[in-house]
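Make a model of the complete structure from these sequences and hints.
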Amino acid sequence: QGQFTLLRDSRTDGSFLVHHFLSFYLRAGCKVCFVALLQSFSHYSIVAQKLGVSLAAAKERGQLVFLEGLKSCLDLLFGEGEQPGEPNPLQFLRLCSPDTSFMFSSGSSCDLRALFDFVQASLAPGDGDSWKGPVLLLDDLSVLLSLGAAPVAVLDFIHYCRVSVCCQLKGNIVVLVHSNEDSEDEENELVVNSLCHHSDLILWAEGLATGFCKDVHGQIKIIKRLSLRQAAEQDLVQIYQYKIQDRNVTFFARGLSSAVL
Amino acid sequence: VFTEEDKYGLYSNLLFKYFLAEGIVCGHDLFVASAKEHPDKILKELPAPLLDDTHGKELGDEATAVKSEDFQDSMKIAWRYQNLPKMEANPTTYTKFGHYYDVSKKMSPELCQSVKWHSFYLYEELSFEPKIKAWNMNSGYARLLQSIQRIISQEGFDGSDPQKKQRNVLRIGIQSLGSVLWGDDVCCSDTPEDPHSLTKFLYVLRGLLRKSLSACVITVPAHLMQNKAIMERVTNLSDMVVGLESFIGSERETNPLYKDYHGLVHVHQIPRLNSLICDVSDTKDLAFRLKRKLFTIE
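So the protein lines, in turn, are chains S and F. Just so you know, we're using the numbering used here here: the first sequence kicks off at -6 and counts up by one. Just so you know, we're using the numbering used here here: the second sequence kicks off at -16 and counts up by one.
No wet-lab data here; the hints were simulated from the structure. Certain hints may be false.
Claimed, not checked - What follows is a list of derived Cβ distance ranges for each label pair:
hint	chain 1	residue 1	chain 2	residue 2	range
1	S	-4	F	251	32 to 40 Å
2	F	19	S	107	37 to 45 Å
3	F	250	S	229	34 to 42 Å
4	F	250	S	80	52 to 60 Å
5	S	241	F	250	19 to 27 Å
6	S	21	F	254	29 to 37 Å
7	S	208	F	94	42 to 50 Å
8	F	239	S	231	57 to 65 Å
9	S	208	F	19	54 to 62 Å
10	S	110	F	97	29 to 37 Å
11	S	110	F	20	43 to 51 Å
12	S	152	F	232	44 to 52 Å
13	S	42	F	254	17 to 25 Å
14	F	89	S	55	58 to 66 Å
Stated by the list, open to error - Straight line, CA to CA, 30 Å or less: simulated DSS-like cross-link-like pairs of lysine-lysine:
hint	chain 1	residue 1	chain 2	residue 2
15	F	24	F	242
16	S	207	S	43
17	F	99	S	64
18	S	207	S	217
19	F	19	F	0
20	S	52	F	27
21	F	0	F	24
22	F	89	F	211
23	F	211	S	64
24	S	64	S	43
25	S	217	S	163
26	F	27	F	211
27	S	43	F	194
28	F	27	F	0
29	S	214	F	211
30	F	242	S	64
31	F	89	F	0
32	S	125	S	64
Where a beta carbon is used, it is the ideal one built from N, C-alpha and C, also for glycine.
Quick look at the structure:
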């Protein structure tokens, strides 16, 4: 409870971890707020079905609040007009311009406040709610930078979410970010490094250094940041390799893929 | 689908035309956008499709040519699209997706006219009075997005018209996005004035594509982009990214390993949609060559 998990991928696609956590928490009976910035609802729905969970049903019974970023963006830019009292969570897209990114003008706020308000409202306990613990799931944070949000704004947003979800509501947060070792995207690296320092658990999926392989799709590093909570503790690092299948992901110790044995 | 252009844009232009030509042969609607040349001109220069009776013979010639060289692991990749053509009279003896084209011949005007197509030529668009809402984006890109959205909605590609019996696909081709001609300086400056315009454009476009029956191929002069961070972000926002590297003017031109080829194909990213896994092919080292009639990737 109150845990911040960072999903990180380098040289590969770590979204299988997102699919896992989504179905995991829904099956566990948690209330989930899923901020899906890069893919459509049907994409997650189809995969979740293979993993045995119906997103549509979860939405209907109020267990899942799904923010489809692509759709919100279209509503913001092509929509007729905002409904009063319901600001678009992605409104920073219209407010942040190159000159205001680094200074805060009096009127418009170039931050992710609207997105945070959305998250907070989604996970606020309602009457008659019997869900076990709220969860915020976000795929993926790096997109916000591409849309013009400053790194500071992104980190502020995450900070506010932690205070609200992890501390106040005793819920969990799971966030996916992309990062490559030789990346030249300094803003992204800044955000990723900062998040790493403040995460309780880091799941880092990496493509194999030796290149593409049919039987081993990548390696995953599991880092339990014990040093975060207790000063003298060392972080626990475990490394496995994995292969992704249609409905499942198999993990095995390095070099022990069934293809090799 | 995102194509990184080769240095002189020769081969990426060819791929771009293949995409559009395939659309015409399949009966899809087209939307062509460019800041460089008028879309009318692009459409006049599409390669002619090889129809069945002539095609079998052509393929036979090509096939024997390939066999005579010692390529054990070579793989011929035809353009793979979903629909088989309705105009085929005889069933084919081999399964194939898509069609073959003769690069030395132009597509007949009658065939070109057989589909509905829409064009966006930046200079014509800019002359209209702007009706731009505060979008916070390069105006050329914003205009293009509005144009695409209008076509998708008016022609019912987003399923908004329940009366429409037959649903069709819209193929969108955008040429040389990000180049100076679009009013963006991502390709000529390390610190562009508005580094987010291109990525915002792609995000909105992605949204439009996801909610309609459309597919889009964009070519970008990536070799001109000095700010690599932007290319990384662009890659993350695309479903599929293919880079073309031509050997013209490079030391590889004289490398005996590449003597039969004109360039390399780098597949940087493949789509992983609606599934945990993606379709991984056995080989990722691909090269292309342009013969008099045929463009092949092996």
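Going down the list of hints, with the structure as the test:
1. S:-4 x F:251: 32 to 40 Å: holds (34 Å)
2. F:19 x S:107: 37 to 45 Å: This hint holds: roughly 38 Å between Cβ atoms.
3. F:250 x S:229: 34 to 42 Å: holds (37 Å)
4. F:250 x S:80: 52 to 60 Å: Hint violated: Cβ distance 41 Å, outside 52 to 60 Å.
5. S:241 x F:250: 19 to 27 Å: holds (26 Å)
6. S:21 x F:254: 29 to 37 Å: Since the Cβ atoms of residue 21 of chain S and residue 254 of chain F sit about 30 Å apart, the hinted range of 29 to 37 Å holds.
7. S:208 x F:94: 42 to 50 Å: holds (46 Å)
8. F:239 x S:231: 57 to 65 Å: violated (47 Å)
9. S:208 x F:19: 54 to 62 Å: violated (45 Å)
10. S:110 x F:97: 29 to 37 Å: Hint violated: Cβ distance 52 Å, outside 29 to 37 Å.
11. S:110 x F:20: 43 to 51 Å: Because 47 Å falls inside the window, the suggested range holds.
12. S:152 x F:232: 44 to 52 Å: Cβ of residue 152 of chain S to Cβ of residue 232 of chain F: about 51 Å, so the range 44 to 52 Å holds.
13. S:42 x F:254: 17 to 25 Å: About 19 Å separates the Cβ atoms of residue 42 of chain S and residue 254 of chain F, which means 17 to 25 Å holds.
14. F:89 x S:55: 58 to 66 Å: 59 Å Cβ-Cβ, so the 58 to 66 Å window holds.
15. F:24 x F:242: violated (33 Å)
16. S:207 x S:43: Holds. Residue 207 of chain S to residue 43 of chain S sits at ~22 Å (cutoff 30 Å).
17. F:99 x S:64: Satisfied, since the Cα-Cα distance of roughly 27 Å is no more than 30 Å.
18. S:207 x S:217: holds (29 Å)
19. F:19 x F:0: At roughly 14 Å apart (the allowed maximum being 30 Å), residue 0 of chain F and residue 19 of chain F satisfy the hint.
20. S:52 x F:27: Violated: residue 52 of chain S and residue 27 of chain F sit about 50 Å apart, past 30 Å.
21. F:0 x F:24: Satisfied, since the Cα-Cα distance of roughly 11 Å is no more than 30 Å.
22. F:89 x F:211: Given that 30 Å is the threshold and the Cα spacing comes to 37 Å, the pair is violated.
23. F:211 x S:64: Answer holds: residue 211 of chain F to residue 64 of chain S is near 28 Å, not above 30 Å.
24. S:64 x S:43: holds (24 Å)
25. S:217 x S:163: Distance of about 19 Å is within 30 Å: holds.
26. F:27 x F:211: violated (35 Å)
27. S:43 x F:194: holds (22 Å)
28. F:27 x F:0: holds (10 Å)
29. S:214 x F:211: Holds, at roughly 27 Å.
30. F:242 x S:64: violated (49 Å)
31. F:89 x F:0: holds (11 Å)
32. S:125 x S:64: Given pair residue 125 of chain S, residue 64 of chain S holds - Cα atoms ~29 Å apart, limit 30 Å.
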